[in-house]
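Peer 1: Spelled out from the first residue to the last, the chains are:
Number of protein chains: 2
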Amino acid sequence: MNPRIKWLRNQLSSLKLEGMIISNPVNVRYLTGLSEEGFLIIAPKENIFVTDSRYIESVNRKLTISDEIVSYNSKDLSKYDYESIFMTNDNVGFEENYVTYEKYKNYLHTYQVNLLETEGLIENARIVKDEEEIEYITKACEITDKAFEYIIRNIKEGMTEKEVAFEIEKFMIQNGADGLAFESIVAFGENTSMPHCVPTDRRVEKGDIIQFDIGARYKGYCSDFSRVIFAEEVKEEYKEAYEFVLEQQRKISSLLRDGANVKTVIKDRETEYKLKNYDILHAFGHGVGIDIHEKPILRSKQDYILKENSIIAIEPGVYKAGKFGMRIEDTFIVGKTECRNLTKSKKDYTVIKLG
Amino acid sequence: MNPRIKWLRNQLSSLKLEGMIISNPVNVRYLTGLSEEGFLIIAPKENIFVTDSRYIESVNRKLTISDEIVSYNSKDLSKYDYESIFMTNDNVGFEENYVTYEKYKNYLHTYQVNLLETEGLIENARIVKDEEEIEYITKACEITDKAFEYIIRNIKEGMTEKEVAFEIEKFMIQNGADGLAFESIVAFGENTSMPHCVPTDRRVEKGDIIQFDIGARYKGYCSDFSRVIFAEEVKEEYKEAYEFVLEQQRKISSLLRDGANVKTVIKDRETEYKLKNYDILHAFGHGVGIDIHEKPILRSKQDYILKENSIIAIEPGVYKAGKFGMRIEDTFIVGKTECRNLTKSKKDYTVIKLG
Numbered sequence: 001m002n003p004r005i006k007w008l009r010n011q012l013s014s015l016k017l018e019g020m021i022i023s024n025p026v027n028v029r030y031l032t033g034l035s036e037e038g039f040l041i042i043a044p045k046e047n048i049f050v051t052d053s054r055y056i057e058s059v060n061r062k063l064t065i066s067d068e069i070v071s072y073n074s075k076d077l078s079k080y081d082y083e084s085i086f087m088t089n090d091n092v093g094f095e096e097n098y099v100t101y102e103k104y105k106n107y108l109h110t111y112q113v114n115l116l117e118t119e120g121l122i123e124n125a126r127i128v129k130d131e132e133e134i135e136y137i138t139k140a141c142e143i144t145d146k147a148f149e150y151i152i153r154n155i156k157e158g159m160t161e162k163e164v165a166f167e168i169e170k171f172m173i174q175n176g177a178d179g180l181a182f183e184s185i186v187a188f189g190e191n192t193s194m195p196h197c198v199p200t201d202r203r204v205e206k207g208d209i210i211q212f213d214i215g216a217r218y219k220g221y222c223s224d225f226s227r228v229i230f231a232e233e234v235k236e237e238y239k240e241a242y243e244f245v246l247e248q249q250r251k252i253s254s255l256l257r258d259g260a261n262v263k264t265v266i267k268d269r270e271t272e273y274k275l276k277n278y279d280i281l282h283a284f285g286h287g288v289g290i291d292i293h294e295k296p297i298l299r300s301k302q303d304y305i306l307k308e309n310s311i312i313a314i315e316p317g318v319y320k321a322g323k324f325g326m327r328i329e330d331t332f333i334v335g336k337t338e339c340r341n342l343t344k345s346k347k348d349y350t351v352i353k354l355g
Numbered sequence: 001m002n003p004r005i006k007w008l009r010n011q012l013s014s015l016k017l018e019g020m021i022i023s024n025p026v027n028v029r030y031l032t033g034l035s036e037e038g039f040l041i042i043a044p045k046e047n048i049f050v051t052d053s054r055y056i057e058s059v060n061r062k063l064t065i066s067d068e069i070v071s072y073n074s075k076d077l078s079k080y081d082y083e084s085i086f087m088t089n090d091n092v093g094f095e096e097n098y099v100t101y102e103k104y105k106n107y108l109h110t111y112q113v114n115l116l117e118t119e120g121l122i123e124n125a126r127i128v129k130d131e132e133e134i135e136y137i138t139k140a141c142e143i144t145d146k147a148f149e150y151i152i153r154n155i156k157e158g159m160t161e162k163e164v165a166f167e168i169e170k171f172m173i174q175n176g177a178d179g180l181a182f183e184s185i186v187a188f189g190e191n192t193s194m195p196h197c198v199p200t201d202r203r204v205e206k207g208d209i210i211q212f213d214i215g216a217r218y219k220g221y222c223s224d225f226s227r228v229i230f231a232e233e234v235k236e237e238y239k240e241a242y243e244f245v246l247e248q249q250r251k252i253s254s255l256l257r258d259g260a261n262v263k264t265v266i267k268d269r270e271t272e273y274k275l276k277n278y279d280i281l282h283a284f285g286h287g288v289g290i291d292i293h294e295k296p297i298l299r300s301k302q303d304y305i306l307k308e309n310s311i312i313a314i315e316p317g318v319y320k321a322g323k324f325g326m327r328i329e330d331t332f333i334v335g336k337t338e339c340r341n342l343t344k345s346k347k348d349y350t351v352i353k354l355g
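These protein sequence lines map, in sequence, to chains A and B. Going by our numbering, the first residue of the first sequence is number 1, and it counts up by one from there. Going by our numbering, the first residue of the second sequence is number 1, and it counts up by one from there.
Hints are not guaranteed to be accurate.
As the list claims (entries may be wrong) - Chain B residues, not near chain A, derived (Cβ > 12 Å throughout): (1) 9; (2) 10; (3) 79; (4) 89; (5) 91; (6) 103; (7) 133; (8) 194; (9) 205; (10) 292.
Unchecked claim - Now the stretches of chain B that chain A is said to cover, found in silico as 3 or more residues with beta-carbon under 8 Å: (11) 55–67; (12) 195–203; (13) 280–291.
Hint data in this document are derived by calculation from the structure and do not stem from the laboratory. Here a beta-carbon is modelled for each residue, glycine too, at the ideal position from N, C-alpha and C.
Isolated chain A, as found in the complex:
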């Protein structure tokens, strides 16, 4: 049997569950490798993937005997078929953080079972990556580094945020990415003060601070990366914040190793932000995998002991409302003694010439 499903079956058994319904597409993909629409039922007797007419041919091309997954086209399953997957009143897990209230009621009606919350069982397993996942994320990070190297050599006078974002996407796809890990953030000047802004038609000008927050997707896996660079000159007002952000990232990455508690490490950073009177507008980072934002979130509320081979993005930032903002972010792999960079672009002051 597919080893991840085997693992899940053991977990369900420990939790005294007779099965589980998995409908979050990222969890389905993690367990089965399938990216087609559908849902997976871990039932007492078999593993069932239910899809529809649009995808059944593609699913059947991908599944192998060793997966031990039976696929069905939903139109071939009757009310009775669904009722006979489990015994009445079996304890069956579901994804309470994904399934809508309407779907929950529909599940109760369809399967006639007791539905029990699974509290992020699969999401928690996804935190630590295996060799293949590390290979894919490493490759996504390499593409991202190259895209950054390319773009800083190719920003020309008068280019808009949108145009720069598009050049990044083009480069990533031409260099082996499936596509973007998320919509790129490219912000010039005062637009940088909003951490999650959308690229606009604002043109680059001399003296601008330029924020990139970009990532590639490779074989389904993401990278996450942010840098700030400067057009023609680095204004004095940016330097204190830049050094502070860089220092915070260095501290976090040296402390977040196997066995470290996220809570402790981030709590200390929050104290340093307060001393400097900087606002904290977002988390200091997050897991990265098939989803761009995975567990663990790097917040002081997160009482979580990190494990080796987890992959996390560390992204401290400083923002001055209406003026400017900046964050520096790399994707890291958690090791025994510290985090190791998977994105490797340098972090010295980068000043580009326009035109």
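With chain A's structure known, arrange chain B on it following the hints.
Peer 2: Here is chain B on its own, set in the frame of chain A:
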């Protein structure tokens, strides 16, 4: 007050609800124009938009006095603030088809109210478009037609599905689109047999049938469009299916007018498919708006009377497993006497020369 929120308040009043919590981002955007992360609370005394530190500055830049929406940063709201938004045991609507089971429990705890299902209240209102929405979708359709015209003149020998898909995206963005309405489908030859395939590295060859299913997004609104074209020649085996699909689209678009029932029109199409022994792998179409797939879905199960100024995509298709498939799709606006095309590319046999 913002007119859409005013409308919603009247609806809630008829339903004897003291308020509603709107968390589906498409519904939030429809009601407020805001695309920032957050949720909207229609409360007895005011309209509240709750966002977080990443977005508060951007939200405040967009809201005007006439919106009558108060914005909050979630970190500034205490447990007590949330509890005092409604009276205990007020009847408050929520989106049962969007809110997860976990969030539902969290709402009960946070607001101390009776949560009542609203059964797609806002989604149903979104079906009929206003003047501005029609203008944006019309523009998205124009960009899509132009992209199609461009790509059929620029497919060269040896190009892959991925490369063609990328050229379409580039053209759309360079011609005013915000981006894609959805990930483009470009399929060559046998890959067309799967209606929702992802572009691969398959190269175009003489004799190939080529399927496009593409759309642009303009000011947040989508277009949806499919065509099949042929490389160098139209093989005989494709012609019967092509004529059939075209005929089905023509019939549907002439019958789906103001006052027509989706059920009746589609039921007749299903009969014709059965007579020809063609499988039906997907719905015959769907509403198009901020979401690429909106209500109504064009299925015989859908007992729905169409209204003027609804915008729908009509996309009959025929699929032969392992061999080929094809669908033809246009975005239409529902009129008094028939549907009118918003995508206007011709549907004669289009044969392109490679190289």
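Peer 1: For each hint, tell me whether it holds in the structure or not.
Peer 2: Hints, one by one, checked against the model:
Here residue 9 of chain B stays apart from chain A, with its beta-carbon at least about 23 Å from theirs, past the 12 Å limit. The claim that residue 10 of chain B is not at the interface with chain A holds, since no C-beta of that chain comes within 12 Å of its own (minimum 25 Å). The Cβ of residue 79 of chain B sits about 15 Å from the closest Cβ of chain A, beyond the 12 Å cut-off, so the non-interface label holds. At roughly 19 Å, the least C-beta separation between residue 89 of chain B and chain A is larger than 12 Å, which holds for a residue marked as non-interface.
The beta carbon of residue 91 of chain B sits about 16 Å from the closest Cβ of chain A, which is more than 12 Å, so the claim that it is off the interface holds. For residue 103 of chain B, the requirement that its beta carbon stay farther than 12 Å from each beta carbon of chain A is not met, with the minimum near 8 Å. Distance to chain A confirms residue 133 of chain B as a non-interface residue, since its nearest Cβ pair spans about 20 Å, more than 12 Å. With a cut of 12 Å on Cβ distances, residue 194 of chain B falls inside the contact zone with chain A, its closest approach being about 5 Å.
Interface exclusion of residue 205 of chain B from chain A stands, the closest Cβ pair being 20 Å apart, more than 12 Å. The beta carbon of residue 292 of chain B sits about 14 Å from the closest Cβ of chain A, which is more than 12 Å, so the claim that it is off the interface holds. Check result for the region 55–67 of chain B against chain A: holds, 3 residues qualifying (beta carbon to beta carbon below 8 Å, three or more required). For the region 195–203 of chain B, the stated coverage by chain A is satisfied: 4 residues place a CB nearer than 8 Å to a CB of that chain, which reaches the threshold of 3.
Coverage of a stretch by a chain is defined here by at least three residues with a beta carbon nearer than 8 Å to that chain's beta carbons; for the region 280–291 of chain B and chain A the count is 3, and the condition holds.
In summary, the structure is inconsistent with hints 6, 8 from the numbered list given earlier, while agreeing with the others.
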